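Protein sequence lines, in the order shown, are assigned to chains E and W. Taking this note's numbering, I'd label the letters of the first sequence as residues 1 to 216. Taking this note's numbering, I'd label the letters of the second sequence as residues 1001 to 1267.
Accuracy of the hints is not assured; some may be wrong.
As the list claims (entries may be wrong) - Dumping the calculated DSSO-like pairs for lysine-lysine here, alpha-carbon to alpha-carbon at most 27 Å:
# : chain 1 : residue 1 : chain 2 : residue 2
1 : W       : Lys1023   : W       : Lys1092
2 : W       : Lys1257   : W       : Lys1141
3 : E       : Lys96     : W       : Lys1257
4 : E       : Lys65     : W       : Lys1023
5 : W       : Lys1257   : W       : Lys1092
6 : W       : Lys1141   : W       : Lys1092
Hints were generated in silico from the structure; no laboratory data involved. Computed from a predicted structure; not experimentally measured.
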Amino acid sequence: MAGSRHRFFTPLIDENPVTLQILGICSALAVTTSMTTALTMSAALTAVLMAASGLISALRNHMPKSIRLILQITIIASLVIITDLVLQAYAFDISKRLSIFVSLVVTNCLVLGRAETFAMHNPPGPSILDGLGNALGYSLILMIVGFVRELLGRGTLFGFTVLPSVEDGGWFQPLGVMLLAPSAFVILGLLIWAIRAWRPAQVEANEYPLTARAEG
Amino acid sequence: MPGLNPVALWRQLLALPNESRGKTLAMAFLVAAVCSLMVSMAAVVLQPQIDANKAAERQAKLDAMIAELPELAGVLAGAGADTLQTVIVDLKTGTETGELFDGFDMAEVAADPETSTELSDDQDIAGIGRRPDYAEIHVLKAGGKLELVILPVYAAGYQSTIRAFLALRGDLNTVAGLVVTEQGETPGLGANVATPAWQALWPGKKLADENGVLRLTVVRGRGTTEFEVDGITGATRTSTAVSDMIAFWTGPNGYAKLLDALRAGEL
């Protein structure tokens, strides 16, 4: 069982898909202006990734090499459409705020990445666990970025006021920049820096070091 | 000997080498079929709920608009808000189309040559180029009697398209209110068309005199009769545009046929 625990926990920090492999950045920027959207997006991705990993893993022995990517994308796309419909039916307001980003889970490198590297070579049980671990790793980063952006950008968390803003007679001056996409890059950068300072093993070797050039 | 037993055929298929042409085709077909079945089932099962959500959203937008209309809350409270109906009408005939467009968008309808009519220069007093053939209007009835009609209108302003809702009382001649919902006119001047203070000038004004001649205009300076609305100082072009907007949409190329039908008790 040590193996499955390892499979579940490593993607959270040590092999986090967002901060180590830098996958799924686009949606991480777009949906983290509030924790509610970040949480919904995380739930959607978790559902899709687990189901996709399980299904693809179950079919792995019968997937012809020549069309395997097409089959994987077909399965992932179908799951994403179903997830999107479920959100539209039961979380209509949030699905409008997430707009196109749920549909774009299809092109999230994270999902296809796990299908190609793990689910194609492992039985369904471990594949689902691997999908869950990676989805939670992605969700963790989304929640952290969403927490910082919503707290500093609006003074709220999940829509509830935490820091009363100046407009409502409080003392907190919201940082408008936190609601713009660039702030997510900055927070993500700081997060990656913090994780790599804590776990130096994640620092990539410099493939093209600068060399001193002779003057003249 | 290849039997017709499906289980045997299935085993045979699974036993084929993965790279064979037959298995590649079979896998592609099977995955596609199963996936499309899943998606179709989800769509069929969830569609009623999604439609209900969309209808609720339309209603919420309408309610927000009515809340903005001055003096309307009273009319609505007296009539009972449940009687407000949304109707798609055909402007060429002035009749209800019967079918309800999903997510009706007037700008989209106006842009599509199939659902709009090109206006000649002398017809096009509002400067909109093409007139949509369909419009989404709202009708309020109390005890079978027409109380209120809400018509979407728009026109080219000084530097933007001005969109508004014109609400008419049951006599279809008295203005119940004008709410500008979208405009990008000069801030501080033309943009004042969207202020409650200016919109408050509209309720009670009359569209046409007793001979049926359309007379409602925005005038320069102060309006003195019930057919005149005060113009906005320093925003002559915007004031004229609103005037033209009312003239166009209540005129023969606008809602005239619909208003006739409503007067005749149709719809």
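Results of checking the hints against the structure:
Restraint check for W/Lys1023 and W/Lys1092: not satisfied, since their Cα atoms lie roughly 58 Å apart, outside the 27 Å limit. For the hint linking W/Lys1257 to W/Lys1141, the alpha-carbon distance of about 19 Å falls within 27 Å, and the restraint holds. For the suggested pair E/Lys96 and W/Lys1257, the alpha carbons sit about 37 Å apart, so the restraint of at most 27 Å is broken. About 11 Å separates the Cα atoms of E/Lys65 and W/Lys1023, which keeps this hinted pair within 27 Å; it holds.
In summary, the hint linking W/Lys1257 to W/Lys1092 is supported, as the alpha carbons are separated by about 7 Å, within the 27 Å threshold. In summary, the hint linking W/Lys1141 to W/Lys1092 is supported, as the alpha carbons are separated by about 24 Å, within the 27 Å threshold.
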